[in-house]
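Line order of the protein sequences matches chains A and B.
Note that my numbering has the first sequence beginning at 1, numbered continuously upward.
Note that my numbering has the second sequence beginning at 1001, numbered continuously upward.
To be clear, the hints were calculated from the coordinates, so they are not data collected in a lab.
Mixed in with the good hints there might be a few duds.
Facing chain A, a subset of chain B residues (Cβ under 10 Å, in silico) [said to hold, decoys possible]: (1) L1029; (2) D1279; (3) L1301.
For glycine and all other residues, C-beta sits at the position ideal for the given N, C-alpha and C.
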Amino acid sequence: MSTPARRFREKAQVLDDAALDRALTRIAHEILEKNGGAADLAFVGLRTRGVTLAHRLAAKIAKIDGATLPVGTLDITLYRDDLGIRGTPVIRGTDIPFSIKGKIVVLVDDVLFTGRTIRAALDALIDLGRPQSIQLATLIDRGHRELPIRPDYVGKNLPTSRRESVAVRLREHDGEDRVVIEEPEEA
Amino acid sequence: MGWTRKDLLTMRELDAGEITLLVDTAASLQEIATREIKKVPALRGKTIVNLFYEPSTRTRTSFEIAGKWLSADVINFSAGVSSTSKGESFIDTAKNIAAMSPDVVVVRHSSAGAAEVLARQLSCSVVNAGDGAHEHPTQALLDLLTIREKRGHFDGLHVAIVGDITNSRVARSNIHAMRKLGMTVTVAGPPTLIPPFVQELGVKVAYRLEDAIRDVDVIMMLRLQHERMQAGLIPSVREYSSYWGLTLDKLGRHARPDVLIMHPGPVNRGVELSPEVADGPYSVILDQVAKGVAVRMGVLLLLAGSKGAAAA
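Excised from the complex, chain A in its bound form (with noise of 0.2 Å):
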C-alpha cells in the first residue's frame, strides 16, 4: 500500500569519511565542553544509524576523557504521529539497559530535518523516566523543520531542497563512511 518508491541519484558529495570522522570528534569535544566533563552523560541513538554514531561517539569519549559511557538504543515507531498513514509499521525494540532518571541523556540521530521524529523520541525517553536533561546531536542539519526543535551539536548545517534527499552512509551498515545529497531521478 506504500507509494511507489521513488529512484534517487547523487547529486553530490556533502562529507567523505575524513570529514565524517571529524565532525564526530568535534561533537564529542564539545559534549565534554557543554556538560563540564562526562559525568552523569549517556547517549541513546535512533534507530539505525542514530545508534551507530552513538557508539561511535560514546568512543570518542572515551578516548579523549577516559569515561565509558552507556549507549541505548530507541525506536520511536510507536510514537510516530504518522502510524497509520505510512505502511505496515516496523518495531525494532527499544533498548536502554540503564536507568535514564537523573542522567543527562545526548539524543543521537543521523540527519534532522522536520523534527517530527525528535518530538517522537522526546515522548518515548520521557516515558521511560526523567532524565536531568536531554541534547539533540545530529550529524546532518539540513533545515525545513516543522516543530520548534533546535539541535545541541550539529556534524554540518546542509541546506536543502524539500524534493532532495540526505543520505548517511556508514561502515557498519553501508561499507562506507560518506554522506552525499541525492535527488530523484527525472521520470
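Please arrange chain B on chain A, whose structure you already have, making use of the hints.
Chain B alone, transformed into the frame defined by chain A:
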C-alpha cells in the same frame, strides 16, 4: 514485508512471511512489559471491543491489557451479561457493536467460522480469539514466540502435540503455522481423539506417548475436557492419565533432557500433566502466558496501525 489483511482469522491463510512478521513484532514489543510506565501511544484514539461468547481468563485479559498498553480504549462484552441472554442473535449483536464504530473486534465463539462470519459483516478489523474447534491463531503465535526465544529458530524443530487433537483449535492453528515454518509435527492421543485424515495436514501420528515424545524438541500437552469422557471417547480420566499423562518418570525415560514442555492452559494437574512436570524446569507454561500480551499487542498494532489494513 507489509501487513495488508483487514482481519486475523486463521493461521491456515497466512504465509510464512506474515507469521514471521507477527512473531517479530510481538518480540520487539515485549520490552514494554518491563517498563515502569507500561504504556505507549501507538493506538491512541482507537477502540477495541472484546466480544466473548465463551468463558476465558487468559485470552480476554491479555487482549485487554495489550490494548490498554497501546493506549487504545478497550470495551469488554461478555455473552452472559449482555443482550445475548435476552435472545439477541450473534449477527444482530455484532451489527449493534459495529454501529459504535470500533477499530478492532476480538471475538471468541463456540462455533467454528464465527470470526469469519463477523469479518464479512463488519468493515472494521476482526481478530479470531478462538472459534469452536477450528482455530486460535494468537495462541499459536505466542507458542511460536516462546519456542523461538528458547530455541532461537523454527526450521527443523520437531514438536509433539499430545491429547485431544480432534477438538483442539490450539492444535489446528499450531499445525498450520509450524508446517509453514519448516517444523515437523507429530500428533498423539487416543485414536478416538485423533481426527481421521489428520495426516493430510502434513503431520505424523503416534498412538503411544512414548513414541510421540522421543527425540522431539517441544512437547505441547493439550487440556483434556471432561466432556470427552461423558461422550464415551475415553474410558475414564484415570485411564487417560495413566496412558497419556506426562510424568517426570516418562520424561526421564523417553524424552530429550532439554525438551520444552508447553500447555495452552488451563492445566488439569494430575490428568495431562503431573504437577512436578507443570512446575518443573522444562516447563515454559508461564512464559507462554507472559508472551500472550506481547503477541496480542503485535496483532492489534498491525491491524489497527497499518495503512490500509484497518481502514474502516
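Subject >> B/D1279 as chain A interface residue, shortest Cβ-Cβ below 10 Å >> reply: Nearest chain A Cβ about 30 Å off; hint violated.
Subject >> Interface hint outcome for B/L1029 [beta carbon to chain A under 10 Å] >> reply: 6 Å, holds
Original post:
Regarding the hint that B/L1301 lies at the interface with chain A, is the smallest CB-CB distance below 10 Å?
Top reply: Where the cut-off is 10 Å and the nearest Cβ of chain A is about 6 Å from B/L1301, the hint holds.
Of the numbered hints stated above, the single one contradicted by the structure is hint 2.
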